[in-house]
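Novice: So the chains spell out like this:
2 protein chains.
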Amino acid sequence: MSVTAARGFVASGVEAGIRRSGRDLALVRSIPRSVGAALWTTNRVLAAPVLVSKRHLESAEPQAVVVNAGVANAATGEEGIANATRTAEEAASCLGLEREEVVVLSTGVIGVPLPVERVLTGVREAAAVLAPDGGDAAASAILTTDRGAKQALATGDGFVVGGMAKGAGMIHPRLATMLAVVTTDYPLEPGEALSFLRPAVDESFNRISVDGECSTNDAVVLLANGASGVARNRARDTEFASALGVVCGALAREIVEDGEGATVLLEIQVSGAASEEEATAVAKRIATSPLVKTAAFGHDPNWGRVLAAAGSAPWNGGFARVEVNRMSVSFDGTPVFARGEPTGETPALGGAAVAIEIDLGLGEGAASYLASDLTYDYVRLNAEYTT
Amino acid sequence: MSVTAARGFVASGVEAGIRRSGRDLALVRSIPRSVGAALWTTNRVLAAPVLVSKRHLESAEPQAVVVNAGVANAATGEEGIANATRTAEEAASCLGLEREEVVVLSTGVIGVPLPVERVLTGVREAAAVLAPDGGDAAASAILTTDRGAKQALATGDGFVVGGMAKGAGMIHPRLATMLAVVTTDYPLEPGEALSFLRPAVDESFNRISVDGECSTNDAVVLLANGASGVARNRARDTEFASALGVVCGALAREIVEDGEGATVLLEIQVSGAASEEEATAVAKRIATSPLVKTAAFGHDPNWGRVLAAAGSAPWNGGFARVEVNRMSVSFDGTPVFARGEPTGETPALGGAAVAIEIDLGLGEGAASYLASDLTYDYVRLNAEYTT
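From first to last, the protein sequence lines stand for chains Z and W.
Note that the numbering used here has the first sequence beginning at 1, numbered continuously upward.
Note that the numbering used here has the second sequence beginning at 1, numbered continuously upward.
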């Protein structure tokens, strides 16, 4: 159930003193040569470790990942770039790798310099205690204000996919956010990992919303080392793709469930859109609507807000196509609005999750999204700190 | 300071019993023949009065506006269309107008049928008490949960522009939102009003955000009757455009200041963007960022969140262009981030307004936005009701 579940991976998590207390530096490494890929935040403001790691992956296959929590090393200028580079160099030196084979990730406060000497000392300590059962320690070392560690596992015919993530717990005034590291002993060719990682991320991490924010540091990294020894074939490739989807989906769901102040999970399903792109736009708009999210917090099957959000989903320079007379909405399976008319039904919503289904009645496009509700605690966590 | 400030306008506000208590139906009428225009919500889900009034204005110049509060007549199917049409017919009949010369606006709960008999009775009562000093009564009759009436006035060389608005006070479970009616005794030609109304609205109502939501009922209506008798010339046209801008701007600002749960007004100014369009995209993204808005509530000069929001402003299918090394940010005039580096300054923010200036350092594009903060009360107002 961790990044060391797959064969041939070792990990560790240590207390480097980057933040006040607890583990705050994780290291994951493949023992056999691995291949890999990463997907990064699309924010135009990129943290130093993102800039440095993207460059590394242009010329090398990743063999190890260093993650520090506490300081995001974002908006830190040239010094930040130098600090991220030194971190990768130190890890490479300890592990007998090239600098470019090391991915560095940071999460924590934006705009604060990385305490680089502590990080370098931490890297050396972490390298010294790498172990095949170090996954749990690594998973705990990447958290910031998450309520708990986030790990997931899926097994295929002779291979394993495991992963860890940290989520949207921005209780500090400037905190950069979501990281995930996924490892597998499935064999992939150099340059091939991205073709598996991208669809898995599109269907998982790209379909969740806590508050619609897009951080400077978000990253998902996949390492594949082939240590399972299984032979490739089309059926197994499909199975691997599924397993990767399961792990990414589980980690994404854990992130939403542990969203800041979250009390209710919104499972949004849009169908009948004129295109899949528009279905996604509508699902995302509903998932990020403050009015839908406060209604969910209040256990209110508020289809009026769902309609208003669906009607204003940014798409193609305008709004996604909807026609109110063709729209139907249900909450937890109870129809509340059917082809343009209220049904008069008012389902009681009391659970920790609510399923909101919207049929646009226009075509075949469908999409789903997971979101957390908008609560007092979200406001408290994000408002009550001053820099 | 009202819709009856300009010569030749009469108005009234009455208690029609559409909601539990208080005035809830307003009527505004021009005595001389007027011309006019309206701008409507761009939501794809349009309330019945919006659909009906848009059709009316295709074939006639507006002479009167009926506004009811309490029920939005949105998502009410064919019956909703019929009820909006009957409302316009009743007003036309009372005032000796064609049905198409009457604009009907509704604000209130979505998905509930308009109590049409009460509305028709209210229209007759309102028509009977129309008066040149009826502006205040009308302004109070269009409110829902606004803390107070919103009115504005500007005078030019021999003419007057006055207006009223209602804002984003969605404390009911499904409430549709922003309405404004602006009147002037400046002379405009038939078909010409929109060319003045559109830029004024673009710079005012389209530059505010309480929660980024776009309602099914939003409308701004302008009536111009020429009763001032002033002669047109280019200088006076410019003055009229300015006065219209002042009135729309003042009403827009009142709406944000009275936003749901609002305690701090964010005055966002973006400059140095590669284009004006991108400046607007960045300003809007910052104005709708939950993290920026909760930071404002906490009086936190949180430039990290401002940078992260600026870096993820939807534009042209991607994000607006920014380069962190060229960006500068100040809070209330104090630079906190200058061309890619933190300044180390931490201004104390304690007022009811905070000015956030962002210079992208790329070009000449500039834009401003007004926003409210995100507070406990916003969540309470929108969460604590169940249908």
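Fair warning: there could be bad hints in the mix.
If you want a taste of the chain W side facing chain Z, the calculated C-beta under 8 Å gives, among others [to be verified]:
(1) P132
(2) C214
(3) E384
Keep in mind that the hints were calculated from the coordinates and are not lab data.
Just so you know, even glycine gets a beta-carbon here, dropped at the ideal spot from N, CA and C.
Novice: Hint numbers the structure violates, sorted upward?
Specialist: Of the numbered hints given earlier, the structure breaks just one, which is hint 1.
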